[in-house]
Amino acid sequence: MLHSPIPRTPLSRAALLLAGALLLMPGCAPHRRGKLPPLSDQPAAGPEGERADRSRPRGHPARVPKSSERPPAETPADTQSGAESANEAGTATGQEVCRLAMEHLGTPYRFGGSTTKGFDCSGFARFIFKKVGVELPRSSVEQSRAGHHVSRDELRVGDLLCFNNGRGRISHVGIYIGHGDFIHSTSTGGRVQIDSLEEPWWTKSLETIRRVLPG
38 MLHSPIPRTP LSRAALLLAG ALLLMPGCAP HRRGKLPPLS DQPAAGPEGE RADRSRPRGH
98 PARVPKSSER PPAETPADTQ SGAESANEAG TATGQEVCRL AMEHLGTPYR FGGSTTKGFD
158 CSGFARFIFK KVGVELPRSS VEQSRAGHHV SRDELRVGDL LCFNNGRGRI SHVGIYIGHG
218 DFIHSTSTGG RVQIDSLEEP WWTKSLETIR RVLPG
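Numbering (our numbering), first residue to last: 38 to 252.
Watch out, some of these pointers could steer you wrong.
Claimed, not checked - Quick list of simulated restraints, FRET-style, between CB atoms:
#, residue 1, residue 2, range
1, K154, P174, 19 to 25 Å
2, N124, T153, 31 to 37 Å
3, F148, D190, 30 to 36 Å
4, Q132, E235, 31 to 37 Å
To be verified - The calculated lysine-lysine pairs, modelled on DSSO-like cross-linking and capped at a C-alpha distance of 30 Å, are:
#, residue 1, residue 2
5, K168, K154
6, K241, K167
7, K167, K154
No lab work stands behind these hints: they were computed from the structure. Ideal Cβ placement from N, Cα and C applies to all residues, glycine included.
Using the sequences plus the hints, can you model the full thing?
Shown next as structure tokens:
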């Protein structure tokens with residue numbers, strides 16, 4: 038039995054041109070996020086597992102709003118928040134400490150190291166502060182006695198964070214860089230990296246905050 042041929046609907050010239058254009062367009066591969074590195078430097082007593090890197094880009098210029106986009110006048114709460122942010126920013130020397138420390142992100146961890154070939158935690162802190170004329174002792178225990186203690190509410194960029202090992206002994210130090218973050222050389226991460234002070238382990242093990250910069 039013969040079947041009647043299925044009638045074909047003619048394609049318009051515009052449809053053919055559109056199909057050809059689509060075939061010629063390059064494919065867009067989705068952006069692949071790299072695996073985030075481990076960020077903890079806990080002793081064996083610390084929590085297990087890894088967490089995502091909470092570092093974020095900084096230094097991007099703010100967009101100037103048009104007059105129609107300007108926010109309403111500041112409330113007392115906004116003013117207080119701005120004052121707290123200004124206080125956290127600290128001094129120009131503290132900002133310089135932050136800038137110098139950030140230049141060494143990714144430098145390998147090396148036990149006993151105090152050069153750009155590799156740092157341990159106290160070696161890194163000592164190296165950075167020496168750049169701004171502040172001499173720190175070599176060990177983390179001795180560094181925890183340098184300068185003077187400040188409360189967490191008084192944290193400024195450039196303050197030295199000293200952590201205990203879970204048994205009351207100072208075993209690690211880092212440099213506060215603002216926004217709840219600090220930079221340090223970590224044996225677990227294997228390099229200089231940024232971590233968050235909001236991480237439960239770091240919050241719990243923070244023993245003292247030392248202000249070693251003048252002003």
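Exercise for the section: With a cut-off of 30 Å on the C-alpha distance, tell me whether K167 and K154 pass. Expected result: 17 Å, holds
Problem - Satisfaction of the hinted span 30 to 36 Å by the C-beta atoms belonging to F148 and D190 - result: Holds, since F148 and D190 (Cβ atoms, about 34 Å apart) stay within the stated range.
Practice task
Starting from K241, check that the Cα of K167 is at most 30 Å away, please.
Solution key: Measuring from Cα to Cα gives roughly 29 Å; hence the hint holds.
Problem - Range agreement (Cβ of E235 with Cβ of Q132, hint 31 to 37 Å) - result: Between Q132 and E235, where Cβ atoms are some 22 Å apart, the hint is violated.
Practice task
Given the hint of 19 to 25 Å, check if K154 and P174 actually sit that far apart at their C-beta atoms.
Solution key: Holds: the Cβ-Cβ distance is about 21 Å, inside 19 to 25 Å.
Exercise for the section: Measure nothing beyond the straight line between the CA atoms of K168 and K154; if it is 30 Å or shorter, mark the hint as holding. Expected result: 17 Å, holds
Practice task
Indicate whether the distance between the beta carbons of N124 and T153 respects the range 31 to 37 Å.
Solution key: The hinted range 31 to 37 Å holds for N124 and T153, with Cβ atoms some 32 Å apart.
Consistency note: the structure conflicts with earlier hint 4 alone.
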